[in-house]
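Here the structure of chain A is known, so what remains is to put chain B in place on it, guided by the hints.
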Amino acid sequence: MELCDLSALEMTQLLRQKKVSAVEILQSTLQRIGQVDGRSGALDQTATEEDKEKVHSFITLTADEAIKQASVVDAQLAAGKDPGVLAGVPFTVKDIFCVKDTPSTAASRILANFKSPYTATAVERMQGAGAVMVGKVNLDEFTYGSSTESSAFQPSTRNPWDTHHVPGGSSGGSAASVAAGEVPLSLGTDTAGSIRQPAAFCGVVGVKPTYGRVSRYGLIAFASSLDCPGPVARTVRDAAAMLQVISGADIHDSTAATVAVPNYLEKLEKGVKGMYIGLSPDYFRIVFPDPKTGDFQEKTLPKEIAEAVRHAADVLAKMGAEIVENVPMSNTRYGIPAYFVISRVEAASNLHRYDGVKYGLRTSLPYTDLRKMYKLSRNQGFGLQPKLRILMGMYVSAAQYSEQYYQRALRVRSMIRRDFETAFDPAGPYHLDALLTPTTPTTAFEMDAVYGDSVLMQYADQLTVPANHAGIPGLSLPGGLDQAELPIGIQLLGADYSEQKLFQIGRAYEMATENETWRQVKPKVLR
Amino acid sequence: MSEQITPEIFDHLVDLAALELDAKQAEYLRKQLNNQLKAIHELEAIPLDADIPISLHGVPFTAAESPTPREDEWHPYPNSKEILSQAPQLEDDYIVVPDIPHTTLK
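These protein sequences, in sequence, are chains A and B.
So that you can map any letter, position 156 of the first sequence is 156 in the working numbering, and since no number is skipped, the others follow by simple counting.
For the working numbering, add 1000 to where a residue sits in the second sequence, where the first one is 1.
Next up, chain A with everything else stripped away, as it sits in the complex (with noise of 0.2 Å):
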């Protein structure tokens, strides 16, 4: 094992007993990259032979500003100062967050020149803590995907437990520099599921945490009412010192909430005896249009992942919850179909700001006025998924369509919150503590499988995206491996602000589960 393979909090411990030093850690870092990564993500590049066998996390590497960072944390425990929680522990971030003086291109042409002139709060949060950021990791255009394969930037992301399988997305980059070991945290945003299901597909832990808890401020927006940053990590400690962190109120982000943060480490090995959660068997199956005939079919998901839940269930019985059976959440189905309302509508009217004239692209096409100026660059600099949200969400959103479509679509969202409002009610007739489920309906697909079919790739959310509707909190964790060795995702659902509670949970399933079988296998590029 390397330093780079020991989790953030194992890092900062050794740090302290001076072990080790931060540029040590980084240094460890910085081989693991150069071992696994092969070259980053670039504009007008195509993936060779080569590069299917490398997992291709970044888009842009950091790599001289973060040993001036490191240094900076070693030199201040020399000097006897408190350099942070996080002090030395190297992290990444998700390309869709500003870092000043660093390019922040949304994995889009239109932003591949823009250097942002100030830094998102999550960012300068976990700096202020003494994290060390190594660079920007790639993602779906503008985070538009479930892949990582509508990045302007190529190759892609690949998936570190079988390159020839997709990480997920959007936080593609995120989930695979963490599960290839090259970092134990990063930075990433959840907008339908784009923490939570890459972490599945890679085989690490992702939170989704409650809408407001972590500012959004420098965080390129996708659809406001929905994205939501947050950490991944490879255990459920790290992922909650991570949030402990980044969440909190802002000023600079008036959805930023004021609700207390609790100490998310204080109680995360009380176990879960007397805990009541759920398991529903709206999230044991799906619904999905064919991808031949359009036609809408039902299907019970795949045998080994809903085992893996179940098993989940039993461990967690055996721990002394109470699990209860047959909680009706009968609106899941009806989470995808808003979603395309909702986040288009919001998407659109956020892309309305690349135009060739304030920052970003402006194209280099010959041009007889403003608005053909507008038309050239915008469809030189928007890839084909930005185009397909724009214009859905112009057309679901027009006047003579909107009740039809937007103001319904808003309203079947009361109803999914309404089914986790129902279910956590302490007084009311399942009071859970959490929602055992599925994190996605399969394993990693394979590169290419999907890409294209913006309608079934869409419906890798489906059991992701009714917590981004809700608003409620979302973890996944690794939950064990199917028959090709790629991992299965188990997720766990709460009330508002109910992280603590998910962190507890989640660290009793994993401390009980630590010697299975599954969990000494390593991603195939660890090998």
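Just so you know, these hints were derived from the structure itself, not from any lab.
All clues stand as given, with none of them false.
Pairwise CB distance ranges, derived in the manner of DEER restraints:
id: 1; chain 1: B; residue 1: Phe-1061; chain 2: A; residue 2: Glu-304; range: 35 to 43 Å
id: 2; chain 1: B; residue 1: Pro-1067; chain 2: A; residue 2: Lys-299; range: 38 to 46 Å
id: 3; chain 1: A; residue 1: Pro-328; chain 2: B; residue 2: Pro-1067; range: 30 to 38 Å
Being a predicted model, the structure only gives us computed values, none of them experimental.
We treat Cβ as the ideally placed atom computed from N, Cα and C, and that holds for glycine.
Chain B alone, transformed into the frame defined by chain A:
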């Protein structure tokens, strides 16, 4: 179900969106839009009681959970040139854009 987004509606949307697509892109995008609308139509089958409100956010924002709005005061940005330097075309700290489209009135 017939295609809801016809080539004519599609072209109108493309113009409103300030895009300019080649034929291959247009064909792909229009097909995907119509496929997505099929999924969206599932919403129409849901019985919605009259009392179900619109939710703009999942988590309700009450005064107790929201920060007090800061005063609406002007503060100079410490380094405005840094922001301006991102503009594709600049002249004496002004962002330069091409002429607006002109229409000759009859």
